[in-house]
Amino acid sequence: EAQVTQNPRYLITVTGKKLTVTCSQNMNHEYMSWYRQDPGLGLRQIYYSMNVEVTDKGDVPEGYKVSRKEKRNFPLILESPSPNQTSLYFCASSTGGGGYGYTFGSGTRLTVV
Amino acid sequence: GIQVEQSPPDLILQEGANSTLRCNFSDSVNNLQWFHQNPWGQLINLFYIPSGTKQNGRLSATTVATERYSLLYISSSQTTDSGVYFCAVSESTSYGKLTFGQGTILTVHP
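Those protein sequences? They're chains A and B, same order as listed.
All letters in the first sequence, in the order written, are residues 9 to 121 by my numbering.
All letters in the second sequence, in the order written, are residues 4 to 113 by my numbering.
By construction, these hints were calculated from the structure, which means they are not laboratory data.
Among these hints, one or two may not hold up.
[Stated by the list, open to error] Straight line, CA to CA, 20 Å or less: simulated DMTMM-like cross-link-like pairs of lysine to aspartate or glutamate:
(1) B:Lys100 / B:Asp30
(2) A:Lys65 / B:Glu70
(3) B:Lys100 / A:Asp64
(4) A:Lys65 / A:Glu87
(5) B:Lys100 / A:Glu70
(6) A:Lys73 / A:Glu87
(7) A:Lys26 / A:Glu70
(8) A:Lys25 / A:Asp64
(9) B:Lys100 / A:Glu87
(10) A:Lys73 / A:Glu61
(11) A:Lys77 / A:Glu38
(12) A:Lys79 / A:Glu9
(13) B:Lys57 / A:Glu70
(14) A:Lys25 / A:Glu78
(15) B:Lys57 / B:Asp84
(16) B:Lys100 / A:Glu9
(17) A:Lys65 / A:Asp46
(18) B:Lys57 / B:Glu70
(19) B:Lys100 / A:Asp67
(20) A:Lys65 / A:Glu78
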C-alpha cells in the first residue's frame, strides 16, 4: 500500500530532551515536507526537500532540523524542544507535479512539558 | 506569498443536505488539493485539482484557474462527512510548498 508513515503517533517529552520524529514514504517521491498544525494558526510548513541532500526552510523552521540522506526518509529533529513546539505534526510527500498532489502521513501529536 | 481564503468558516447541515465550499487564491497555482481532516486528525486527500472538474461518489470539485477559485460540492451529506475541509495550493513558481487555507468546519447532524 502506498503510504507515508510517521512515528511515533503520540509523544510526551520534557523541555530540552532531543527527539526525532521519523517519516518514510514507499512511493519513490522526490518531494517531502513537514508541517505543523496549531489552533487558530492552521497548517504551516516547517521544512521541505526536493530530493536527496536538497532541503529548504518553510515558514516556521526555527527550532527544527531535517535531513534527507535517502529518498524515502525525511526525519524531523528537535534538538532542544520547548513547550511552544507542542503541536500536531504532519509529514507529506509528492512526485512533484505528477498529477496526484501530496500524500500526508497520519500525524504525530507532540506535547513538550 | 500566495493567499488562500476559504468560505464559509463554519457550516451546519442536516443529514441529506447538499453544500458548496469555496476556496479563493491570490495567484497562479500548479497544484490545488482538497483535504478532509477527520475527528482523529488525519488529513485525507479528496481531490488533486489544479484545474477542471472531478467527481468521486457524492463529492465533486471544480477549479477555475483563470478566475482563481475552486469549489467543493458535497451532496446528500452524511454524519461521517463532519470534520474540517482544507484547500491547499502551490504557487506556479514553487511546487515544494503547500499553502493551506484556514479551513471550513462542517458539522452534519442526523
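Hey, Lys73 of chain A versus Glu61 of chain A, does the alpha-carbon distance stay inside 20 Å?
-> Roughly 13 Å between the alpha carbons, so the hint for Lys73 of chain A and Glu61 of chain A holds.
Agreement of Lys79 of chain A and Glu9 of chain A with the hint, judged by alpha carbon distance not exceeding 20 Å | Roughly 18 Å separates the two Cα atoms, so the pair holds.
Has the given pair, Lys73 of chain A with Glu87 of chain A, been kept, meaning a C-alpha gap of at most 20 Å?
-> holds, 8 Å
Given the hinted pair Lys100 of chain B and Glu87 of chain A, is their alpha-carbon gap at most 20 Å?
-> Outside the cut-off at roughly 24 Å; violated.
Going straight from one Cα to the other, do Lys65 of chain A and Glu70 of chain B come out at no more than 20 Å?
-> Status violated; Cα separation ~30 Å.
Quick one, are Lys100 of chain B and Glu70 of chain A close enough, alpha carbons at most 20 Å?
-> It holds: about 17 Å lies between the C-alpha atoms, which stays within 20 Å.
Measure nothing beyond the straight line between the CA atoms of Lys57 of chain B and Glu70 of chain B; if it is 20 Å or shorter, mark the hint as holding.
-> holds, 18 Å
Taking 20 Å as the top limit, are the C-alpha atoms of Lys77 of chain A and Glu38 of chain A close enough?
-> Holds: Lys77 of chain A and Glu38 of chain A sit about 12 Å apart, inside 20 Å.
Given hint Asp64 of chain A paired with Lys25 of chain A - CA-CA distance at most 20 Å | Distance of about 25 Å is beyond 20 Å: violated.
Given hint Glu9 of chain A paired with Lys100 of chain B - CA-CA distance at most 20 Å = Given pair Lys100 of chain B, Glu9 of chain A is violated - Cα atoms ~25 Å apart, limit 20 Å.
Quickly compare the C-alpha distance for Lys57 of chain B and Asp84 of chain B to 20 Å and report which way the hint goes.
-> Answer holds: Lys57 of chain B to Asp84 of chain B is near 18 Å, not above 20 Å.
Are the Cα atoms of Lys26 of chain A and Glu70 of chain A separated by 20 Å or less?
-> With a Cα-Cα distance of about 15 Å, the restraint between Lys26 of chain A and Glu70 of chain A holds, given a limit of 20 Å.
In summary, the numbered hints that this structure violates are 2, 8, 9, 13, 14, 16.
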